[in-house]
Amino acid sequence: MIIKSKPSVLSSEITSESAYLNRRQFLKRTGQYALMAAAGSVLAGCTDADEKVIQTDASAIPAPGSPDWKQLLIDQRKPGPFATDEAQTPWADVTNYCNFYEFGTAKTDPAKNAGSLITDPWSVTISGEVEKPGTYNLEDILKPHALEDRIYRLRCVEAWSMVVPWVGFSLGDLLKRFNPTSRAKYVEFTTLHDPEQMPGQRSRLGSLPWPYKEGLRIDEAMHPLTVLAVGLYGKVLPNQNGAPIRLVVPWKYGFKSIKSIVGIRLLEEQPRTTWNQMAPHEYGFYANVNPDVSHPRWSQASERRLPSSLWNPERIDTRMFNGYAEEVAPLYKGMNLKMYF
Amino acid sequence: MNPKQAQSVLKVLLFNICLLPLAWLGYKISINALGADPGKEVVHFLGEWAFYLLLASLAITPLRRITGINKLIRYRRMVGLFALFYAALHFVGYLFFLLGWQFADLIDDVVKRPYITVGFAAFFILVVLGATSTQRMMRLLGKNWQKLHRLVYLAALLSLVHLIWLTKSDYTSAAYYGGVFALLMLARVKK
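Chains A and B, in that order, give the protein sequences.
Going left to right, the first sequence walks through residues 1 to 341 as this note's numbering numbers them.
Going left to right, the second sequence walks through residues 1 to 191 as this note's numbering numbers them.
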């Protein structure tokens, strides 16, 4: 008789402590929200949510390549677990006031220059410490995920802020599909590098090295607040806002939320990120919104909420972790945030 | 029209030309065409024009030498005073639109933020030069007047540093202005 030895547990099947804690925390909070809702308290946009990937009906997915397949996906979106009742920044301002240096450094440059960017077909390469690396079409990236509305505050490192209704899905849900190994401690993201399509990458006196890269710690990447967005105001994400797929990490300065992603790499070591590489004393790897840590050239204690009126600028106090401290502060327990800014 | 009349006509013309950027800005404000963050736009626009006019005032002496039109010197003071005018609006705009009149923040900015420190220093020089620009002050200061007014080079240099230090990543425009400034300085060294 052949006795087959039971295969040992794959390292990838072991839930990391941080992921475990994250889940506990998420479930706990979800429970709290449910309780509060039951008690009849007013909860701005907070709905009960399940952590697992929700499989959408495959037949309902429009054929890739059809002109508005992304719009059809977006039309099936559901309300998300996180929202705010603050006044939303109008579409015109969100789409005309952008920092996307690949298309120029003036705020209006991306809206002027990004129109010709080809975003369909699009593929994303998943590599590094995952069991299923590969280059995937955007439709395959999006297919298993139910899209959600995520109304988030966006705080730019330049001391202005907006409230943006994104449409997206949890980055953690995506990463889990590719089975990160136990060595996956960080995630690195890369923007498209194509000087023909991106005039800002042709500037000779620009000091940013291309392609643009950003990174997160794995627990930050897995956090339920962290999403990949494909839409804005229930519409397909405009090119100047990072089409076809971009990151949104609402408790960090905007530059962390990298646009037009072509690469996601899981790493054991902390990746080098663009702004941090260019000016490490001005832009930290973490870049958590923090009113107590000034940028060397300006204070971060307050922000101008846009759109701002000229004669009556709306200057508001900046909140720790951009107001998401309750959700994310545990990620940084015991860390000196003045040192790891 | 005698030369005297011609000169006053030209002065009125120049005066109005120097006001054109402000009129343009007023128009943009009135039609609400400054985008989501109009305060920042206004402050940047005014700062840019202060710098352009400062460079223009520095261009008059070399231009005079090249063209041989000595009368150009009569228009230099007006251009310089307009540089001060736009710099003053730039400063007030920064106080009002960006700081919201919070003076504690002003002191904090001037002390702690080097690019604001140098910008403020340049503005201070322009104020001193503006205050001593009258015929009476020229007579009063005598030989020292020219020495004092050479500080305009420092003001231009500080403005350039102000621009370079507030640049986030793309130094293209700073390079253009730096090039013009260097040329204007070179024109003075090579007689």
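I should point out that these hints are in silico values taken from the structure, not numbers from a laboratory.
Be careful, since some hints might not be right.
Derived lysine-lysine pairs resembling DSBU-like cross-links, with alpha carbons at most 35 Å apart [to be verified]:
| hint | chain 1 | residue 1 | chain 2 | residue 2 |
| --- | --- | --- | --- | --- |
| 1 | A | Lys-143 | A | Lys-185 |
| 2 | B | Lys-147 | B | Lys-112 |
| 3 | A | Lys-333 | B | Lys-11 |
| 4 | B | Lys-112 | A | Lys-333 |
| 5 | B | Lys-112 | A | Lys-338 |
| 6 | A | Lys-112 | A | Lys-132 |
| 7 | A | Lys-78 | A | Lys-185 |
| 8 | A | Lys-185 | A | Lys-112 |
| 9 | B | Lys-168 | A | Lys-235 |
| 10 | A | Lys-107 | B | Lys-147 |
| 11 | B | Lys-11 | B | Lys-168 |
| 12 | A | Lys-333 | B | Lys-168 |
| 13 | A | Lys-338 | A | Lys-176 |
| 14 | B | Lys-11 | A | Lys-235 |
| 15 | A | Lys-112 | B | Lys-168 |
| 16 | A | Lys-132 | A | Lys-176 |
| 17 | B | Lys-147 | A | Lys-112 |
| 18 | A | Lys-338 | B | Lys-168 |
| 19 | B | Lys-168 | A | Lys-185 |
| 20 | B | Lys-28 | A | Lys-107 |
Since we're looking at a predicted model, the values are computed, not measured.
Here is how each hint holds up against the structure:
Between A/Lys-143 and A/Lys-185 the CA atoms are separated by roughly 26 Å; this keeps the pair inside 35 Å, and the hint holds. Between the alpha carbons of B/Lys-147 and B/Lys-112 the distance comes to roughly 31 Å, so the proposed pair stays at or under 35 Å and holds. Restraint check: the Cα-Cα separation between A/Lys-333 and B/Lys-11 comes to about 67 Å, which exceeds 35 Å; the hinted pair is violated. The hinted pair formed by B/Lys-112 and A/Lys-333 meets the criterion: a straight-line CA distance of about 30 Å does not exceed 35 Å.
A hinted pair counts as satisfied when its Cα atoms are at most 35 Å apart, and B/Lys-112 with A/Lys-338 qualifies at roughly 17 Å. With a CA separation close to 38 Å, the supplied pair A/Lys-112 and A/Lys-132 exceeds the 35 Å bound. As the CA atoms of A/Lys-78 and A/Lys-185 are separated by approximately 31 Å, the hinted pair is consistent with the 35 Å bound. Restraint check for A/Lys-185 and A/Lys-112: not satisfied, since their Cα atoms lie roughly 38 Å apart, outside the 35 Å limit.
Note on B/Lys-168 and A/Lys-235: the hinted pairing holds, with a Cα-Cα distance of about 31 Å set against a maximum of 35 Å. This hinted pair does not check out: A/Lys-107 and B/Lys-147 have alpha carbons roughly 42 Å apart, beyond 35 Å. Of the supplied pair hints, the one linking B/Lys-11 and B/Lys-168 is violated, its CA atoms being roughly 39 Å apart against a limit of 35 Å. A distance of roughly 32 Å separates the Cα atoms of A/Lys-333 and B/Lys-168; the hinted pair therefore holds under the 35 Å criterion.
Between A/Lys-338 and A/Lys-176, the direct Cα distance comes to roughly 32 Å. Compliance with the 35 Å bound is thereby established for this hinted pair. Among the hinted pairs, B/Lys-11 with A/Lys-235 is inconsistent with the structure: their alpha-carbon atoms are about 55 Å apart, more than 35 Å. Simply put, A/Lys-112 and B/Lys-168 have alpha-carbon atoms about 20 Å apart, close enough for the 35 Å limit, and the pair holds. A threshold of 35 Å between alpha carbons decides the hint, and for A/Lys-132 with A/Lys-176 the separation of about 10 Å falls inside it, so the pair holds.
At most 35 Å may separate the alpha-carbon atoms for a hinted pair to count; B/Lys-147 and A/Lys-112 exceed this at roughly 48 Å. Restraint check: the Cα-Cα separation between A/Lys-338 and B/Lys-168 comes to about 22 Å, which is no more than 35 Å; the hinted pair holds. Note on B/Lys-168 and A/Lys-185: the hinted pairing holds, with a Cα-Cα distance of about 30 Å set against a maximum of 35 Å. For the hint linking B/Lys-28 to A/Lys-107, the alpha-carbon distance of about 16 Å falls within 35 Å, and the restraint holds.
Violated hints for the displayed structure, listed by number in ascending order: 3, 6, 8, 10, 11, 14 and 17.
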